[in-house]
Each structure stands twice: as C-alpha cells, then as structure tokens.
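*Asks:* Chains F and B, in that order, are what the protein sequence lines are. No gaps in the numbering here: position 76 of the first sequence is 311 in the working numbering, and each next residue is one more. No gaps in the numbering here: position 203 of the second sequence is 425 in the working numbering, and each next residue is one more.
Calculated directly from the structure, the hints in this document are not laboratory data. Honestly, I wouldn't trust all of these hints.
[Said to hold, decoys possible] Here are the simulated EDC-like pairs of lysine to aspartate or glutamate, each with C-alpha atoms no more than 20 Å apart in a straight line: (1) Lys279/B / Glu353/F; (2) Lys382/B / Glu340/F; (3) Lys370/F / Glu346/F.
[To be verified] Stretches of chain B that chain F covers, calculated by requiring three or more beta carbons in the stretch to come under 8 Å of a beta carbon on chain F: (4) 235 to 246; (5) 296 to 306; (6) 310 to 317; (7) 479 to 489; (8) 587 to 595; (9) 610 to 622; (10) 627 to 639.
Think of the CB as a built atom: it goes at the ideal place given N, C-alpha and C, for glycine as much as any other residue.
Spelled out from the first residue to the last, the chains are:
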Amino acid sequence: MKYNGKTLCVGDHIDTDAIIPARFLVTTDPVELGSHCMEGLDPEWIKQVKPNATFLVAGRNFGCGSSREHAPVAIVGAGIPVVIAHSYARIFYRNAFNMGLIPLEIGDEVENIKPGDELEIDMTAGTIANKTSGKVITFPPLPEAMAAILNAGGLAEYVKKQLNA
Amino acid sequence: MALTLAQKILKAHTTTPVTDEALQPGAIVNCRVDMVLANDITAPLSIKSLRTMGAKKVFDNTKIALVMDHFTPQKDIASAEQVKGVREFAKEQNIVHYYEGGNAGVEHALLPELGLVGPGDLVIGADSHTCTYGGIGAFATGMGSTDVAAGMALGQSWFKVPETIRVTVTGKLPEYVGGKDIILWTIGQLGVDGARYKALEFDGEAIEALSVEGRLTIANMAIEAGGKAGLFAVDAKTLAYAQAAGRKGDVALAADPGATYERTLTLDVTNMEPLVACPHLPENVKPVSQVKGITVNQVIIGSCTNGRIEDLRVAAAVLKGRQVNNNVRCIVLPATPRIWKQALKEGLVEIMLDAGCIMGPASCGPCLGGHLGILAGGERALATTNRNFRGRMGSLDAEVYLANPAIAAATAVAGTISHPAAL
Ligand code: SF4
Numbered sequence: 236m237k238y239n240g241k242t243l244c245v246g247d248h249i250d251t252d253a254i255i256p257a258r259f260l261v262t263t264d265p266v267e268l269g270s271h272c273m274e275g276l277d278p279e280w281i282k283q284v285k286p287n288a289t290f291l292v293a294g295r296n297f298g299c300g301s302s303r304e305h306a307p308v309a310i311v312g313a314g315i316p317v318v319i320a321h322s323y324a325r326i327f328y329r330n331a332f333n334m335g336l337i338p339l340e341i342g343d344e345v346e347n348i349k350p351g352d353e354l355e356i357d358m359t360a361g362t363i364a365n366k367t368s369g370k371v372i373t374f375p376p377l378p379e380a381m382a383a384i385l386n387a388g389g390l391a392e393y394v395k396k397q398l399n400a
Numbered sequence: 223m224a225l226t227l228a229q230k231i232l233k234a235h236t237t238t239p240v241t242d243e244a245l246q247p248g249a250i251v252n253c254r255v256d257m258v259l260a261n262d263i264t265a266p267l268s269i270k271s272l273r274t275m276g277a278k279k280v281f282d283n284t285k286i287a288l289v290m291d292h293f294t295p296q297k298d299i300a301s302a303e304q305v306k307g308v309r310e311f312a313k314e315q316n317i318v319h320y321y322e323g324g325n326a327g328v329e330h331a332l333l334p335e336l337g338l339v340g341p342g343d344l345v346i347g348a349d350s351h352t353c354t355y356g357g358i359g360a361f362a363t364g365m366g367s368t369d370v371a372a373g374m375a376l377g378q379s380w381f382k383v384p385e386t387i388r389v390t391v392t393g394k395l396p397e398y399v400g401g402k403d404i405i406l407w408t409i410g411q412l413g414v415d416g417a418r419y420k421a422l423e424f425d426g427e428a429i430e431a432l433s434v435e436g437r438l439t440i441a442n443m444a445i446e447a448g449g450k451a452g453l454f455a456v457d458a459k460t461l462a463y464a465q466a467a468g469r470k471g472d473v474a475l476a477a478d479p480g481a482t483y484e485r486t487l488t489l490d491v492t493n494m495e496p497l498v499a500c501p502h503l504p505e506n507v508k509p510v511s512q513v514k515g516i517t518v519n520q521v522i523i524g525s526c527t528n529g530r531i532e533d534l535r536v537a538a539a540v541l542k543g544r545q546v547n548n549n550v551r552c553i554v555l556p557a558t559p560r561i562w563k564q565a566l567k568e569g570l571v572e573i574m575l576d577a578g579c580i581m582g583p584a585s586c587g588p589c590l591g592g593h594l595g596i597l598a599g600g601e602r603a604l605a606t607t608n609r610n611f612r613g614r615m616g617s618l619d620a621e622v623y624l625a626n627p628a629i630a631a632a633t634a635v636a637g638t639i640s641h642p643a644a645l
C-alpha cells in the first residue's frame, strides 16, 4: 500500500484537546469531527488539508491527554490516512490502530521532514521517500497484531471477523 | 522473580496461567477485567463499535459502569441525544451500574466510593483518568472506546507489561501541602511524557501517612506524566476505605522486595512548598511563591483530582469567614452526590456560600471546557483539576493554572495566586 501527499507539521506534546476540543464531542460522526480537526491548535488548520493527499507530521508525545477516540477519528475524518511522529502517547497510539489510522513512529528522523515536503509512504517496503529532499527514511514493519487490526479496517471490524470465525 | 505491583495484579488476571518470566516488561498478556467503564462522551462510540462488532450481549451486566458525568446535566441537545442513546443501551443490556442524574457524579470519584473498584482489581475505562483507582491498589488504565467495547464484549483485554518508575516520598507533609503537590512535583521531574508506557509506584513514609483520598489524587494524575497506571500498595487504610465502600474479601497487597524498577525518584516533603502548574502543560511546575500575585478571573474547586470531601474541607477552612474577591468567580463542584451531602452536613456548603462561591452539581463541568464555567479570551483560571492544555477550559487565549484546594481557596479570596498563610 502506497500513500502520496504533502506534509503539514505540528510541534511536540500536541494533546487531544488540540486535535479535537471537548465542545465538539457531542457527536461520533467522522465527517463532522473531521471538519474540526486541529481546531484546538488553529481554527484555520483544516483549510490546508487536502483529503487523501496530506500527512500530519508531529514531534514528541503526539496525542497526549484524554482517551477520546474522537481524536484519531477526527484525523481520519479529515481525510488524513497517516500520521508520522517522533513518538506517541500510549492511549492515542492504541486508538489510532483501532480507528484505522496509521501512526508511524520514527524518532529523531522526523527532523528530516519539513512543512510542505512531498512524501511517498510505502507500507510494504517500510519506507518514507521524501521527494522534496531526496532522503529516504525507513521504518520497521508494524507488529503483526497491529497490522491485522489495520488491515481489517480497525478493531471493531477485526473483532467482528473474530466473532464470526 | 520479584514482581512490581503492576506485574502482580496483571499476573493474577491472565486468562491462562503464566510464569513470572512471561511478565517481563514489554511482554503482552491477555487478562480478565473486573470492571469496564465508559462515560457520556466515550460510551456512544463504544456502543457504536459493539454494534459494528456484532456483539449482541455484554460479557457481564454487573461489571460495566456507565457514568454520565461530563456534559451532564445535559448541556445541550446534542449531549442530551448522546446520553439518551447510552440510557437506551443500558436498558437494553440491563446494565446494573448506569448513573445519570441524582445518583451520578464524576466517575473516578464515584466508582471507588461505591466500592465498584477496589484493591487488586484490574480495570479498564474509556477515560484517561481511569488510572485514579491505582490509589486504592487497582491496576486501572485508560483506553479508547473501541478497546473498551472489546472489553465489554469479551470481558478481557490485552496489556503490555509496563516498566515501573518508583517514587519514594519521605518526611512529613507541611500544612497546606498534599497529594496534589506530590504528583505535580513528580510530573515536573518526569515531564509530560516521562512515564510514557510505564507505571508509577509510590511508597515511603509520607505515602503511608497519606489518606486514601490523597493517594487517589496522586494516582489520578499519573497520566499527566504519560503513565499507564499510578499504583499504591494496599494497606490497612486502603482496606478500611474499601470496607466502608461496602466491599468484602479484599486483602493487603505490596510489591515484592527486590522488584526491578526502571528508576527511583525520591522526594522529601518536610520543607515543601505548595506547587502550581503554569500554562499550558502540567509539567510547568513552580513553587507558589514564584507565581504569587498573578491575577485570576476564575477558581474551580472540584474534579476527579480534588473534588472529594477532604479537598472541600481544606478549601472551606481557608474560605471560612472570608470573601471571594469581587473579580473572581469561585465555582465549587463536589465530585459526587454523597460528597455534596457530607459537605452540607459538615457546614462546608454554608461556609462556601457565605464566602460567595457558586455551588454547582457533581459534574465534570468546566474541567474539560464542557460547561458551567467556560473562559473567555484573555481570562485566567486557577483550578484544582488536572490539565491546563491550551483551550482546555474554553478560549484558546485563556490560561489555566493547576494547584491544590488550599491554594485555590486562597487565590479566590485574594484575586491573585496566593498562599493561605499570606491572607
Ligand atoms: S473531572 Fe475532568 S479529568 Fe476528571 S473525568 Fe471529568 S473531565 Fe475528566
């Protein structure tokens, strides 16, 4: 599976109140939540997102704070299939897989990605090709259990298959 | 192998027996859960996921707690619709522990009080502050709604065995210093991601001397250091608390001597000053003397961190015979109906009303910027809550400081961040 797009970059410790402020948690609809993605950081942020052609790139501890699954849902709902970060907060990381959002964790390599860079992410090869800088970043394959959840389209679909098996 | 508290509790819950060696940090274990929690924000997503999973029934209708506390009393039509959906689900599944209205309170104050969680339990909740129950010796951790839905369907979940950071607290707590200050200090030391994927374990003479309520306050904010759980040994105090909550058969529990810790932090509280976390991260911790004099527009006393009876007693002692500053809204939200009633009985409510406080319902309210005290741009609040992220309590241009209930009460009176001794 390959993904192409341009990056939008955010800093360290982006919390779930920044990703989706609590006042929008009165719905579970992905499109509605997606329209407010990152509104707690910058109300205009969403305007720069091109559905299926934007990657969110973050620093340390992305998704810290609350357990709200609405955070990865809002990102997926905004049309962003992959997040790349230095590191993730534990609950967000687990939620991302469950919601079908790919969270790539690449540590200090994240410094080689700049705002507006054009990337091609190859999930099978485990590479992020930065077409702007010419650099290629590799990442380890996802743990098998996590890949299975993602491939099923999230944990709910995964458990459904298990229950029907 | 000598085990930490986290390893011991996980071991007692694995779905198939495991050796100690299978509990090395990083190992993944499948465990039975004793209680599964969701609230008015997270339960709707859990229910949606349960339906997608095709699960017809929850695993045990007595082991699921659904607490409507964040946007309740329902603040608008959308939140009322969400609560309605959860209520209907609770009826359909015959969920015994459904709380809405007069029996509801802030979930992490309510569940220990009702004895629904207790020593040695394994608890998962679709709320990051589920870690609060570590204060009574439960391994409790927050997860997302869908993980929790899987827990509701199967009665089990997978856990990565965490490394543990030990925090040893010695000395005797001075007046106006409490559990809140111990955890703010810890977060200041570790940073907001210093305990990522890890458990925290608290011990030492100051912890032994601390009440169960104080321990709950500390465990509550383990997540603010990124922690998976904040754990305390189960001692005579814990057992008395659990018994008073109507539980039976709980036993003492401690980490094995010689258990392996990732590292140990030590704190002597003897001459400690109350601490304040400054905007916009809980790790921006300073002694109150360094931030005194900063003006505030609002003070919040409440939440799952510091909304228990002990906290209200501390605040009332400072407010007694004094007046809330004219430029401050001081909002007090006792965390559960039982705490409300107790505060009324003890005369604390009268003291607070006389001082000019606004007494609100047992709700999360402004803690997460839901309702009952939202900040305008340029406004500043000091709260006994647990998070001061930008925009957490309202406008992106507002500021939130975090502190203990004594500092909160003194600040409400002075109108600027203050120590009670300076009033
Ligand atoms: S009081 Fe605040 S932190 Fe606690 S459960 Fe409610 S919103 Fe969350």
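*Asks:* For every hint, state whether the structure bears it out.
*Replies:* These are the hints, each one checked on the structure:
For the proposed pair Lys279/B and Glu353/F, the alpha carbon gap of about 47 Å is over 20 Å, so the pair is violated. Pair hint Lys382/B plus Glu340/F holds up; C-alpha atoms about 18 Å apart against a cutoff of 20 Å. For the given pair, Lys370/F sits about 12 Å from Glu346/F by alpha-carbon distance, which is consistent with the 20 Å threshold. For a cut-off of 8 Å, the count of residues in the segment 235 to 246 of chain B with a CB near a CB of chain F stands at 0, and the three-residue condition is violated.
Check result for the segment 296 to 306 of chain B against chain F: holds, 5 residues qualifying (beta carbon to beta carbon below 8 Å, three or more required). Look at the segment 310 to 317 of chain B against chain F: 0 of its residues bring a Cβ nearer than 8 Å to a Cβ of that chain, fewer than three, so the hint is violated. Coverage of the segment 479 to 489 of chain B by chain F is violated in this model, with 0 residues showing a Cβ closer than 8 Å to a Cβ of that chain against a need of three. Coverage of the segment 587 to 595 of chain B by chain F holds in this model, with 3 residues showing a Cβ closer than 8 Å to a Cβ of that chain against a need of three.
Check on the segment 610 to 622 of chain B: 5 of its residues sit with their Cβ under 8 Å from a Cβ of chain F, so the three-residue criterion for coverage holds. With a cut-off of 8 Å between beta carbons, the segment 627 to 639 of chain B has 0 residues touching chain F; three or more are needed, and the interface restraint is violated.
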